[in-house]
Amino acid sequence: MELDLNKAKEFYKGMLLIRRFEERCVELYSNQKIRGFLHLYIGEEAIAVGLMSALSQEDAIFATYREHGHALARGVSAKNIMAEMFGKMEGCSRGRGGSMHLFDGAMRFYGGSAIVAGALPLAVGMALADKMMKRNRVTVCIFGDGAVAEGEFHESLNLAALWRLPVLFICENNRYAMGTALKYTESETDIYKKAASYKISSKQIDGMSVIDVARAAKEAIASIHAEQAPMFLECLTYRFRAHSMFDAELYREKAEVEEWKRRDPLLVFEESLKEKNMWSEIDSAKMEDEINNTIDEAVTFAENGTLEPIEDLERFVYSEASHG
Amino acid sequence: MDNITTYREAVREAIRNAMREDERVFVMGEDVGHYGGCYAVSMGLLEEFGAERIIDTPLSESAFTGAGIGAAMNGMRPIVEIMTVNFSLLALDQIMNNAATLLHMSGGQFNVPLVIRMATGGGKQLAAQHSHSLEGWLAHIPGLKILTPATVQDAYEMVGLALSDPDPVLIFENALLYNSKGSLDTKATPTPIGKALIHKVGKDITIVSYGISLFKALEASKTLAEDGIDAEVIDLRSLRPLDDETIMNSIKKTHKVIIVDEGWKSGSISAEIMARINEQAFYELDAPMERICTAEVPIPYAKHLEDAALPQPQKIVAMAKKMMGKA
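Respectively, the protein sequence lines represent chains A and B.
Positions 563 to 886 (my numbering) are the ones given, in order, by the first sequence.
Positions 1230 to 1556 (my numbering) are the ones given, in order, by the second sequence.
Hints are computed from structural coordinates only; laboratory data are not their basis.
Glycine residues also receive a C-beta, built at the ideal position from the N, C-alpha and C atoms.
A hint or two may mislead.
Derived EDC-like pairs: lysine to aspartate or glutamate, alpha-carbon spacing no greater than 16 Å straight-line [unchecked claim]: (1) B:Lys1550 to B:Asp1433; (2) A:Lys693 to B:Glu1281; (3) A:Lys641 to A:Glu859; (4) A:Lys696 to B:Asp1472; (5) A:Lys693 to B:Glu1252; (6) B:Lys1424 to B:Glu1474; (7) A:Lys696 to B:Glu1281.
Partial pick of chain B residues on the chain A-facing surface, computed with a CB cut under 10 Å [as the list claims (entries may be wrong)]: (8) Pro1287; (9) Leu1332; (10) Met1334; (11) Asp1394; (12) Lys1432; (13) Leu1514.
Okay, chain A solo, but in the shape it has when bound:
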């Protein structure tokens, strides 16, 4: 993949936005502006940014409960995401979903699912509809390493392969299903091999390198269109923060965390741009300012947002045209 300067700026800024957004979320959580569960994407930014760069506006995305980064990289407005976490009507899910359930129809961003592996069957169905209607688009389904232990993972991979559906499966393998290491739960810890056993073309890639992810995702999308068959990418990554705000991190060594932090996707990319003599063209200080403004505006927007009237509590259980 050719990395021109514009692309390099876009990638770096995209990852930095997620990093700073998540850091602000921590503050807002401590200040009790954001409540419920909050799962941070810090350390995994390269996957969302690399992946989304390969998609068209026509493609659909299903994500996990650690999806702020996916939503931001897809182009869901930071304002609407922040308002959602503040529980305001201006939120991308009207405040009905919160951090784990970000949705945006215009972006074809279908959530935000907090049942591990629960969205894989939905992605299969979405792609089935596209195939039946002869629409040339791809459905991307993002999930973690914990999902591979669920039956729905295996059932869905089988169906996608059997029916040759245009699904791109993205496994973000951050090595821990909440607090239990993969080695304690899986007989085969190379997850991409499981996909291969369903005859799905699969690869294991460096999820800390935005360039690697972007390249692999672009090739995967091209292959899905050409072969009319699903693809599977296992992205090796690491979350730098706790699983959620309630996690004391007793299950992993600090040294391990520090080791992975040396592979921070922002640092890795910076090094790579230095090697290409492009880093001097990246005005990271200016980017920081712009991102800071974007996040400030998002927080102000969320603060000034509207609390939905209690009278509307029972709306959206059934479609408004229907009589539930």
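Keeping the supplied structure of chain A fixed, place chain B upon it in accordance with the hints.
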């Protein structure tokens, strides 16, 4: 134009007509294609519509139900067939956490126009993993609609009603009814979802039923008539939404009510109906409300035990006579 046909053929005809009219409609489930459907409902549809629209699935209830949800969110009108309600528990995550929830969780952005059909009920000596009636249990879940066609006409109409609904609709077909015969008018205006029907008008006591219990209630009402008891028989048709109005209006007339419930008593739909009567028509009652439910055991294999476990007309008769002081 009325025709005498079977419940099975009525469901099939409804699916066939819907598929001819709307290319978005397709059928997906275990053995629906080459086998012709576990209860032969989809027999012949593969030949007419092809394997792209009559889709045999692996035994992956969760994945194909979830795939139905995904397809529905992407413009299709899937009919997912699950062999029996007991197997649907393998798909309960998709039914409850996705189908019933997505519209709300997305702040009204994504509705799920999905139809799920499944067989329900005991009476065929299939024992404890093929015989339960869990429709009342699923009626607990906001976001779903729960239909229980009893008649051939409803077997036909409810497929179309469910397909034209923007939200997930579950249709529970009692397996004993597939061979039942009745008249079918495919041109009739369908009775909407959420509207109960009074199948026999009476003045002495109300019998509330749904699904196969309609026929048990009607049979009981004939016996009761011989004893001079004029029962009114209601077919709920839909367990969610419930037609409170029809139930309460009947009680205002008869002042006595028996509810027949194919499910277990504890935490049942009959308990819900009794609670609503208590809330809305308590002072209309001349006698305590009563109910005939399935005994609180997993359905046994032995015929005499199974018969004893399920609601039966003679139990309804005995209860009605007791309430009328004629026991």
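These are the hints, each one checked on the structure:
no. : hint                   : verdict
1   : B:Lys1550 to B:Asp1433 : holds, 11 Å
2   : A:Lys693 to B:Glu1281  : holds, 10 Å
3   : A:Lys641 to A:Glu859   : holds, 7 Å
4   : A:Lys696 to B:Asp1472  : violated, 42 Å
5   : A:Lys693 to B:Glu1252  : holds, 13 Å
6   : B:Lys1424 to B:Glu1474 : holds, 9 Å
7   : A:Lys696 to B:Glu1281  : holds, 12 Å
8   : Pro1287                : holds, 6 Å
9   : Leu1332                : holds, 5 Å
10  : Met1334                : holds, 5 Å
11  : Asp1394                : holds, 6 Å
12  : Lys1432                : violated, 30 Å
13  : Leu1514                : violated, 28 Å
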